Amino acid sequence: MKVHEYQAKEILRRYGVPTPRGVVVDTPDEARAAAQQLGGRVVVKAQIHAGGRGKGGGVKLAKDADEAAELTQKMIGMTLITHQTGPQGQKVSKVLIEEALNIDKELYLGITLDRRLGMNVIMASAQGGMDIEEVAERDPNAIHREPVDSVLGVQPFQARQVAYALGLEGDAFKKCVDFVQKLMRAYLETDCTIAEINPLLVTKEGDVLALDCKMNFDDNALFRHKDVVAMRDVAEEDPLEVEASKFGLNYIKLDGNVGCMVNGAGLAMATMDIVKLAGGEPANFLDVGGGASAEQVKNAFRIILSDKNVKAILINIFGGIMRGDRIAEGVVSASREVGLPVPVVVRLEGTNVELGKEILAKSGLPLITADGMWDAATKVVAATKGQA
Amino acid sequence: MAIWADKNTKVIVQGITGREGTFHAIGCRDYGTQVVGGVTPGKGGTTHEGFAVFNTVAEARQKAGANCSLIFVPPPFAADAIMESADAGIELIVCITEGIPVNDMMKAHDFLRKMNAAHILEGRAPSRLIGPNCPGIITPDQAKIGIMPGHIHKAGPIGIVSRSGTLTYEAVGQTRHIGQSTAVGIGGDPLPGTNFIDCLAAFESDPATEAIIMIGEIGGSAEEDAAAFVKTNVTKPVVAFIAGQTAPPGRRMGHAGAIISGGKGTAAEKYKALEAAGISVVQAPSDMGRKIEEVWRARK
Chain A
16 MKVHEYQAKE ILRRYGVPTP RGVVVDTPDE ARAAAQQLGG RVVVKAQIHA GGRGKGGGVK
76 LAKDADEAAE LTQKMIGMTL ITHQTGPQGQ KVSKVLIEEA LNIDKELYLG ITLDRRLGMN
136 VIMASAQGGM DIEEVAERDP NAIHREPVDS VLGVQPFQAR QVAYALGLEG DAFKKCVDFV
196 QKLMRAYLET DCTIAEINPL LVTKEGDVLA LDCKMNFDDN ALFRHKDVVA MRDVAEEDPL
256 EVEASKFGLN YIKLDGNVGC MVNGAGLAMA TMDIVKLAGG EPANFLDVGG GASAEQVKNA
316 FRIILSDKNV KAILINIFGG IMRGDRIAEG VVSASREVGL PVPVVVRLEG TNVELGKEIL
376 AKSGLPLITA DGMWDAATKV VAATKGQA
Chain B
2 MAIWADKNTK VIVQGITGRE GTFHAIGCRD YGTQVVGGVT PGKGGTTHEG FAVFNTVAEA
62 RQKAGANCSL IFVPPPFAAD AIMESADAGI ELIVCITEGI PVNDMMKAHD FLRKMNAAHI
122 LEGRAPSRLI GPNCPGIITP DQAKIGIMPG HIHKAGPIGI VSRSGTLTYE AVGQTRHIGQ
182 STAVGIGGDP LPGTNFIDCL AAFESDPATE AIIMIGEIGG SAEEDAAAFV KTNVTKPVVA
242 FIAGQTAPPG RRMGHAGAII SGGKGTAAEK YKALEAAGIS VVQAPSDMGR KIEEVWRARK
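Line by line, the protein sequences give chains A and B. So for the first sequence, the numbering used here puts the first residue at 16; every next one is plus one. So for the second sequence, the numbering used here puts the first residue at 2; every next one is plus one.
With the rest of the complex left out, here is chain B:
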């Protein structure tokens, strides 16, 4: 078991004929992921690097049986790509694209909510969006759906969820001797499709996950909300790190979501909320591996 992605996941890549799309479609296939094709409007019916190319996501779903989409479409068109996948009933939509306007994402979320209500009404599974501006999701030895370096992962009991891509790799690197159940990068944007709580809930009910690393960063209140959720809903041990303890207020630290504004969203506040919820926090990013091993071994 794992969460959301496994060996049965059939992936299509939206924007497969682009440079990034091509590179990572091959990377995912080489890892062993079932990449069943790609979508580039106008290039349907052709073959690209051995992948069948379709004009629309609906066609890719129908003909190749895709239930997951990996998006590399450029920012001005990415929200459209997300909505197309939701419309086609793709169950897992992973959007890597960085730099999508907030207004576009609000519209995409709105569309997703309405479309999901329709899917449920008609007895179909709803769509889950991971990202945008994220590295994707990986279940070691089963499916890599994203841009992460696959070879550093190993199947094991640690679930990882993070707003930052490279910090996810850092946590994976530090747990390489124990292994990971699934690692999810939820992305650095202000409006992520999947949040900490979604991942924590999924890890809690996943038999393969025995302990969880959660990596947050300054800005917003997602970590505080996650802390409240953990307190009442998560029985598995959780270790948390928050990036940006030294970040000055009012400066956006790279991620569209990482900003301390109006004295809110500081690392100190987040640590306080996490500790109050009984989560084991680490101040140094290099301590994540050591701490998770400690709480994992001590678990009931």
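So that you can see chain A by itself, here it is in the shape it has in the complex:
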């Protein structure tokens, strides 16, 4: 799960990680009041989940409270397009008004899981404010990596190594050591998968603060973080994906016209791949999961069909936990309820497959059955071209 910058900073402050003073607002009047309170000269920052806001015009400096109000007026309601939003962009509904600081250095600090090591790794670079992936590609040595034991947490020597790698000394060095330890605590205790401070700011006064912050959380650990769950902003998510998640379905919208309903994430990806190899384009990734009921299959059907690009649907089920007769019942009852506005190709395998096929055949519905994945893929691609 993702949160906004202002929410991530709220979490950081709970752990004593220094951040600039700021107020989140959604009207120009509130922006003016916030700027006055913060000393007039402020930064106005559009709050969307995607990165790259600065280049997209979502981060602006205001010299006084009136300009802060003006900029807020322009930003609220605008559609911000960055390299992470996709071409459709993301609508801005809140801005963060933050005190403007005297910048001395902009550094990079990030924590994420290194799957290969099985450890969390702190990454630090003196080249902050930039796309760290670009830095990593151009000059891998410019990034210091510090693997951290998940049980022990970051050790003092590790925090020192990070601060040295960032080229800090004196007061800023000490403040950075403290910053790293507190950030790691926040990361571990809130079950983050990413905590990225870019840039990590060193002011002319020698303070070390999180000028920007991106935090992602482990969806599997949200059960123990009700406060984080409360920060979810569904307006940032695809409405169909939100709808699907209500039914425990894993749905990701894509750009093609072949709707896919599959059990298992790996098979769902492989189904997308084979549709493409057969000359089609998948409209979505959809994993109905292991124990889906007829009701859930019906919901999956509805969600796929509410994407107007879908010209045909491929149902590919290899039953393990999920029984073929259950899938068949779901398909039949959903087809009856929703009608069949597009051709549906069904490929069933595994537990109770014969029973499932029988249910499909007896339904009298114009379902196209297939044997094997290639047969299914070619049939569904033909169907999108009206050759069913």
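Since the hints were made in silico from the structure, they are not lab data. Errors might be hidden in some of the hints.
Cut-off 25 Å, straight-line C-alpha distance, at most; resulting in silico cross-link-like pairs (DMTMM-like, lysine to aspartate or glutamate) [unchecked claim]: (1) B/Lys265 x A/Glu152; (2) B/Lys265 x A/Asp390; (3) B/Lys273 x A/Asp164; (4) A/Lys291 x A/Glu310; (5) A/Lys261 x B/Glu21; (6) A/Lys106 x A/Asp146; (7) A/Lys291 x B/Glu21; (8) B/Lys155 x B/Asp288; (9) B/Lys155 x A/Glu152; (10) A/Lys120 x A/Glu148; (11) A/Lys89 x A/Asp41; (12) B/Lys115 x A/Asp164; (13) A/Lys400 x A/Asp390.
Per label pair, the in silico range of CB-to-CB distance [to be verified]: (14) B/Pro127 x A/Arg29: 39 to 45 Å; (15) B/Lys273 x A/Pro254: 34 to 40 Å; (16) B/Phe24 x A/Asn231: 43 to 49 Å; (17) A/Asp386 x B/Phe24: 26 to 32 Å; (18) B/Thr233 x A/Gln103: 33 to 39 Å; (19) B/Gly66 x A/Ala376: 45 to 51 Å; (20) B/Arg20 x A/Ala250: 34 to 40 Å; (21) A/Arg239 x B/His152: 37 to 43 Å; (22) B/Gly66 x A/Tyr179: 36 to 42 Å; (23) B/Arg300 x A/Asp386: 38 to 44 Å; (24) A/Ala250 x B/Pro42: 23 to 29 Å; (25) A/Phe238 x B/Glu123: 32 to 38 Å; (26) A/Gln103 x B/Arg20: 40 to 46 Å; (27) B/Phe24 x A/Glu148: 42 to 48 Å.
One side of the interface only, derived from the structure: several residues of chain A facing chain B at Cβ under 8 Å [unchecked claim]: (28) Arg200; (29) Val257; (30) Lys261; (31) Ala280; (32) Leu292; (33) Gly294; (34) Thr384; (35) Asp386.
This structure is a prediction, so every number in the text was calculated from the model and none was measured. Beta carbons: idealized from backbone N, C-alpha and C, even for Gly.
Position chain B relative to chain A; hints supplied.
Same frame as chain A, now just chain B:
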């Protein structure tokens, strides 16, 4: 022969009185697996669907002689269940549970490493964890320890290892005329207990395995590491498929591990590494069976 699971494996089911635990304990027993009981704290001493229920894994090991545990405990408690089995000296721990927090798994791995060091020091066998978030392991006609449909399997020479459950079934389905030695689902989580290399090494030294299908997916670098291992350590023919060739970057494709991030972990990169290691790759998932038969028949 086979790897890790055979007719002598004695299985207990952790979470046996739950819905999934009950359903699959019966499924495994019906297949012919030696399911010697189950564990549900507080229900020890009772009998459930003909299975003896114990309060702890240690007790199940002592009284029923279990050397394998199959875990269906819900995600918030699953890491604890894994650690309990490791502590009891269970040699094979198969965790089906999906949705365990990464932090919990890191702690469980840490515990496993320390406990295994202790087991070895004291002359006992270490524990192997398969999963979590996996379908389990099956050696056809000997032991089914997991949630896979047993009837599609047939004893034979093909070893199968996969990060995806249903794609494992797909590979089994496509090799039904040749048969499988053992099929292992290592699971879709970012930190699996058993990885490709563990399975490839075991298949390489297993006389019953003559060729290997390896099914990977986008995300991480496990496939690249496996490719490097195959190049220097595996003499048996290997066929590989990678799911997610069409997956967009930055989107998590269902499995916690399946994400292309920072331009890394793409299917294209993985295919390149696999081919460079002399592995026969297939682009279409429907070609796994045909290709493995071809390389198996052509083997030296």
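These are the hints, each one checked on the structure:
1. B/Lys265 x A/Glu152: Given that 25 Å is the threshold and the Cα spacing comes to 11 Å, the pair holds.
2. B/Lys265 x A/Asp390: 32 Å, violated
3. B/Lys273 x A/Asp164: Judged against 25 Å, a Cα distance of about 33 Å means the pair is violated.
4. A/Lys291 x A/Glu310: Violated. A/Lys291 to A/Glu310 sits at ~29 Å, over the 25 Å cutoff.
5. A/Lys261 x B/Glu21: 22 Å, holds
6. A/Lys106 x A/Asp146: 23 Å, holds
7. A/Lys291 x B/Glu21: The hint is violated at about 35 Å.
8. B/Lys155 x B/Asp288: Answer holds: B/Lys155 to B/Asp288 is near 19 Å, not above 25 Å.
9. B/Lys155 x A/Glu152: 47 Å, violated
10. A/Lys120 x A/Glu148: Holds. A/Lys120 to A/Glu148 sits at ~20 Å (cutoff 25 Å).
11. A/Lys89 x A/Asp41: Holds, at roughly 11 Å.
12. B/Lys115 x A/Asp164: 14 Å, holds
13. A/Lys400 x A/Asp390: 16 Å, holds
14. B/Pro127 x A/Arg29: 39 to 45 Å: Roughly 41 Å apart at Cβ, these two residues keep to the hinted range, so it holds.
15. B/Lys273 x A/Pro254: 34 to 40 Å: 37 Å, holds
16. B/Phe24 x A/Asn231: 43 to 49 Å: Since B/Phe24 and A/Asn231 have Cβ atoms about 34 Å apart, the given range 43 to 49 Å is violated.
17. A/Asp386 x B/Phe24: 26 to 32 Å: Since A/Asp386 and B/Phe24 have Cβ atoms about 28 Å apart, the given range 26 to 32 Å holds.
18. B/Thr233 x A/Gln103: 33 to 39 Å: 48 Å, violated
19. B/Gly66 x A/Ala376: 45 to 51 Å: Distance hint for B/Gly66, A/Ala376 holds at roughly 48 Å.
20. B/Arg20 x A/Ala250: 34 to 40 Å: 36 Å, holds
21. A/Arg239 x B/His152: 37 to 43 Å: The hint (37 to 43 Å, Cβ to Cβ) holds, given that A/Arg239 and B/His152 are roughly 40 Å apart.
22. B/Gly66 x A/Tyr179: 36 to 42 Å: The hint (36 to 42 Å, Cβ to Cβ) is violated, given that B/Gly66 and A/Tyr179 are roughly 56 Å apart.
23. B/Arg300 x A/Asp386: 38 to 44 Å: With Cβ atoms ~29 Å apart, the hint is violated.
24. A/Ala250 x B/Pro42: 23 to 29 Å: 43 Å, violated
25. A/Phe238 x B/Glu123: 32 to 38 Å: 37 Å, holds
26. A/Gln103 x B/Arg20: 40 to 46 Å: About 42 Å separates the Cβ atoms of A/Gln103 and B/Arg20, which means 40 to 46 Å holds.
27. B/Phe24 x A/Glu148: 42 to 48 Å: 45 Å, holds
28. Arg200: Because about 13 Å separates A/Arg200 from the closest Cβ in chain B, which is outside the 8 Å limit, the hint is violated.
29. Val257: Because about 15 Å separates A/Val257 from the closest Cβ in chain B, which is outside the 8 Å limit, the hint is violated.
30. Lys261: The hint is violated - A/Lys261 has no Cβ within 8 Å of chain B, the shortest such distance being about 17 Å.
31. Ala280: This hint holds: A/Ala280 lies near chain B, its Cβ roughly 3 Å from the closest one there, short of 8 Å.
32. Leu292: With a closest approach of 5 Å, the A/Leu292 hint holds.
33. Gly294: Since chain B brings no Cβ nearer than about 12 Å to A/Gly294, farther than 8 Å, the hint is violated.
34. Thr384: At about 16 Å, which exceeds the 8 Å cut-off, the nearest Cβ of chain B leaves the hint on A/Thr384 violated.
35. Asp386: 11 Å, violated
In this structure, the hints that do not hold are numbers 2, 3, 4, 7, 9, 16, 18, 22, 23, 24, 28, 29, 30, 33, 34, 35, in rising order.
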